[in-house]
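Asker: Here's the letter readout for the chains.
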Amino acid sequence: MVLIIQKTLLYAIPLMIVALGGVFAERSGIVNLALEGEMIFGAFMGALVAYLISVGGTTMNPQLMFVICMIVASASGSAFSLLLSFSAINLKADQTIGGTALNMLAPALVNTLGLAFFSQEKLVMPATFKSYVLINPDLPPFLQIFADKAYISTYIVIAVFILLSVWLYITRTGMRMRSCGENPQASASVGINVYKMRYLGTTISGALAGLGGYVYIATTVGGMAQSSVAGMGFLALAIMIFGNWKPVGIALGALLFGFLKCVGAVSGSFEMLSKIGLPMYFYNIIPYFIVLVVLALTAKKSGCPKAEGIPYEKGMR
Amino acid sequence: MNKQSKEKKNKVGEWFKSFFVVTNDKEPKLLTFYKKNGTKTVIASLISIAAGLVVGFILMLIIAAASEDITVADAFSGLGVLLAGPFTGTSKYVLTNFGDMIFYAVPLIMCGLSVAIAFKTGLFNIGAPGQFLMGTMGSLIVALNINTGGGAAGFFVWLLALLVGAALGFIWGTIPGLFKAIFGVNEVIVCIMTNWIAANVVTWVFSSMNNLVNTGGGKSNYLITTAVTGNGTPDLGLGKLFNGSYIDISIFIAIIFAVVIFIILNKTTFGYELKACGSNKFAAKYAGMNEKRNIILSMAIAGGLAAIGGSLYYLNPGIEFNFGTAYMTLPAYGFNGIPVALLANSNPIGVIFSGVFIRYLAKGGDNLVTYNRYVADIIIAVIIYFAGFSRLIIELLTKRQRKMTEKANLKIAARTAANDDVSKESTVETETPQNEAAALSDVGETSDGSFGIDNTKDKEV
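Residue numbers (this note's numbering), protein chains in the order written: chain A, 1 to 317; chain P, 1 to 461.
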């Protein structure tokens with residue numbers, strides 16, 4: 001039981017934060033298909049910094065190092081997302097095409113740099129760096145869920161998630177940003193700088209995606225990944241839609257999808273599940289299938305931002 | 001004799017001159033050529049390609065500067081290798097490489113056609129990877145389960161396999177079309193979902209078909225090839241002609257499809273309706289067209305085309321399918337259909353050339369020794385990035401062209417004024433409104449879009 005909850009969290013945490021990243025971009029009016037690419041780039045930069053810190057043998061506190069790498073991953077994720085903002089906001093390019101380009105660019109870039117400097121296509125965290133797992137086996141079972149074999153990233157991500165969600169809803173800037181996704185012309189008419197708001201939204205989105213990407217490779221897949229995040233970015237996009245572009249819905253969606261992912265991953269080793277005899281692929285398909293059903297049922301009254309995907313031009317009505 | 005040749009030379013000079021400056025009161029021929037929309041879209045595509053190459057080269061220089069093993073000279077030679085495509089290495093293999101390039105371009109062309117026809121209907125078919133996989137699955141199940149050993153029976157089974165693959169892709173493409181038409185859901189998100197469903201289904205299906213798995217050769221999770229069952233794509237001796245390359249008749253099939261799609265889009269009522277829906281859904285509906293049917297059919301055809309790409313690729317006797325990793329990574333061929341379609345401005349005939357071009361570039365990337373093949377991927381990604389705002393590039397080009405037209409017109413007007421008597425001044429005056437009309441018609445051109453989604457706006461509707 002403890003194991004299932006922990007595994008669920010392991011998948012749910014990166015999905016949750018990346019999906020929130022999607023919300024920030026879309027609520028400001030930019031379709032961010034590039035979540036997957038931003039995750040890959042953030043993950044690579046985080047792993048690179050982890051490698052650079054530990055290459056000479058360091059005595060730095062592993063938790064501190066982990067946090068530094070997370071910060072670097074967010075920063076590089078947001079830097080990468082600037083490419084999307086520039087084409088979508090300044091050049092008014094098609095946002096889906098820009099996002100697709102970034103999704104193709106990120107793995108190519110990561111592979112090129114990885115091969116050029118480390119002679120491998122994998123993102124591997126140095127072995128000495130794996131000591132960031134919190135281990136407290138003596139705790140009572142309830143506390144074990146959160147403190148044994150857990151990662152500090154879980155708490156950081158949850159804190160960031162709550163803070164940013166509240167920020168989006170109660171602060172003036174947050175509300176302004178959301179207005180730009182619904183009716184940018186009206187926002188501009190009351191003096192809001194739509195370009196700035198959209199830049200802010202996509203940049204936060206990139207930062208969260210980068211953070212999620214690094215958390216994914218550092219925790220979920222245990223410090224190694226094949227220069228990709230296996231469609232987690234797209235799954236996060238699905239969760240965002242499933243959660244109707246709202247933080248609470250996203251948190252629930254991430255937990256549900258994380259649970260399904262976890263069931264898929266452990267289906268072979270659990271007696272109860274292996275008796276049913278369905279392979280991992282079945283559990284992998286379910287989240288995507290659920291999204292399709294939800295889309296079909298709720299398309300008419302979805303909370304999809306009205307102006308998303310439409311380039312804003314000053315003076316256009 | 002001498003005089004004649006001189007006159008001839010003069011004539012050639014005049015003719016040559018007429019391209020660049022106003023002669024015989026006509027605007028320069030290059031300007032007339034430049035005015036055409038097709039020219040501008042080609043220029044925009046070339047700019048995208050150039051930008052991609054520049055970025056790729058800069059990256060190679062940066063790596064050269066940062067790495068100890070690679071020098072700046074390597075960066076230059078790397079660019080040379082990249083641009084040479086298949087034409088490097090020992091001459092013995094150039095023919096083979098060329099044949100391979102043609103073969104590998106086939107799935108790109110088919111996926112490019114798939115994305116292009118969806119673009120023409122105003123849809124973004126990012127579901128090509130999933131459709132590609134479904135086509136692969138359908139074809140391989142048929143072609144690998146029936147053992148004919150070649151001959152006429154082998155050809156028949158091959159044809160059946162192709163049809164089954166196409167049908168599966170057709171059905172798979174219908175899903176996003178239905179969601180878009182009935183529920184109004186954005187096709188991009190449905191395509192992404194169906195992609196990952198397809199990826200998992202393919203691995204699932206093949207992992208339950210142990211009789212198709214290639215157990216020899218020390219590889220795991222690979223299927224046997226059509227060479228074993230004799231149902232491979234016939235090559236009509238092309239393989240021998242190209243010195244043992246993979247090339248087979250699939251390239252002709254791809255070209256036929258491109259021509260058929262071209263004819264459908266440009267010469268039939270159905271194609272006209274598709275383009276009308278792409279330009280303005282509401283206007284199309286108002287004009288009495290069934291826009292929902294058109295959306296569904298367009299996506300279904302797009303699905304079928306991408307699926308045929310997968311079928312043709314894996315029905316080749318030399319190509320093995322790795323089903324073990326299929327559920328984790330989507331096939332790049334599907335995604336690369338997007339740059340192929342964008343570069344060709346969604347023109348089906350153009351897709352043939354841009355498909356070969358993308359493969360040419362990728363082959364150049366494969367040949368890189370000091371760097372790695374992903375440099376080509378970066379270049380392709382940058383090309384898509386720039387193709388995303390080719391509309392802006394075209395607008396800038398149109399602005400420039402209007403300025404040039406104005407200049408030429410002024411020159412022509414000045415010349416007529418100088419040649420004519422003062423009494424005939426009125427003719428100059430009558431010319432002015434004409435110029436204005438010309439300028440006005442140019443304004444109409446500016447709204448002409450960049451890529452397939454809306455470039456039919458002015459011409460067709």
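Worth flagging that the hints you see were computed from the coordinates, not collected in a lab.
In this text the structure is predicted, and so the values were computed from the model without any measurement.
All residues carry an ideal CB built from backbone N, CA and C; glycine is no exception.
Among the clues, some could well be false.
Distance condition first, Cα-Cα at most 20 angstroms in a straight line; then the derived EDC-like pairs of lysine to aspartate or glutamate [claimed, not checked]: (1) P:Lys411 with P:Asp74; (2) A:Lys92 with P:Glu395; (3) A:Lys196 with A:Glu308; (4) P:Lys403 with A:Glu182; (5) A:Lys314 with P:Glu14; (6) P:Lys219 with P:Glu320; (7) A:Lys301 with A:Glu182; (8) P:Lys29 with P:Glu406; (9) A:Lys246 with A:Glu313; (10) A:Lys196 with A:Glu313; (11) P:Lys35 with P:Glu320; (12) P:Lys399 with A:Glu313.
Footprint (simulated), chain A over chain P, 3 or more residues, beta carbon under 8 angstroms [claimed, not checked]: (13) 57 to 68; (14) 163 to 173; (15) 297 to 310; (16) 411 to 419.
Asker: Within a Cα-Cα threshold of 20 angstroms, do A:Lys196 and A:Glu313 meet the stated pairing?
Answerer: Cα-Cα ~13 angstroms, so holds.
Asker: Are A:Lys92 and P:Glu395 close enough, with their CA atoms no more than 20 angstroms apart?
Answerer: holds (12 angstroms)
Asker: Does A:Glu313 lie within 20 angstroms of P:Lys399 when you go C-alpha to C-alpha?
Answerer: Since the Cα atoms of P:Lys399 and A:Glu313 sit roughly 19 angstroms apart, the hinted pair holds (cutoff 20 angstroms).
Asker: Can you tell me if the region 297 to 310 of chain P counts as covered by chain A, using C-beta to C-beta distances under 8 angstroms and a minimum of three residues?
Answerer: As far as the region 297 to 310 of chain P goes, the hint is violated, because 0 residues have Cβ atoms under 8 angstroms from chain A.
Asker: Does A:Lys246 pair with A:Glu313 here, judged by a C-alpha cut-off of 20 angstroms?
Answerer: violated (27 angstroms)
Asker: For the pair supplied as a hint, P:Lys411 and P:Asp74, confirm whether the alpha-carbon distance does not exceed 20 angstroms.
Answerer: violated (51 angstroms)
Asker: Is the hinted pair P:Lys29 and P:Glu406 satisfied, with a Cα-Cα distance of at most 20 angstroms?
Answerer: holds (15 angstroms)
Asker: For the pair supplied as a hint, A:Lys196 and A:Glu308, confirm whether the alpha-carbon distance does not exceed 20 angstroms.
Answerer: Since the Cα atoms of A:Lys196 and A:Glu308 sit roughly 15 angstroms apart, the hinted pair holds (cutoff 20 angstroms).
Asker: Has the given pair, P:Lys403 with A:Glu182, been kept, meaning a C-alpha gap of at most 20 angstroms?
Answerer: violated (38 angstroms)
Asker: A:Lys314 and P:Glu14: Cα distance at most 20 angstroms?
Answerer: violated (48 angstroms)
Asker: With a cut-off of 8 angstroms between beta carbons, are at least three residues of the region 163 to 173 of chain P near chain A?
Answerer: violated (count 0)
Asker: Between A:Lys301 and A:Glu182, is the straight-line Cα distance small enough, at 20 angstroms or below?
Answerer: holds (15 angstroms)
Checked against the numbered hints given earlier, the structure breaks hints 1, 4, 5, 9, 11, 14, 15, 16 and satisfies all the rest.
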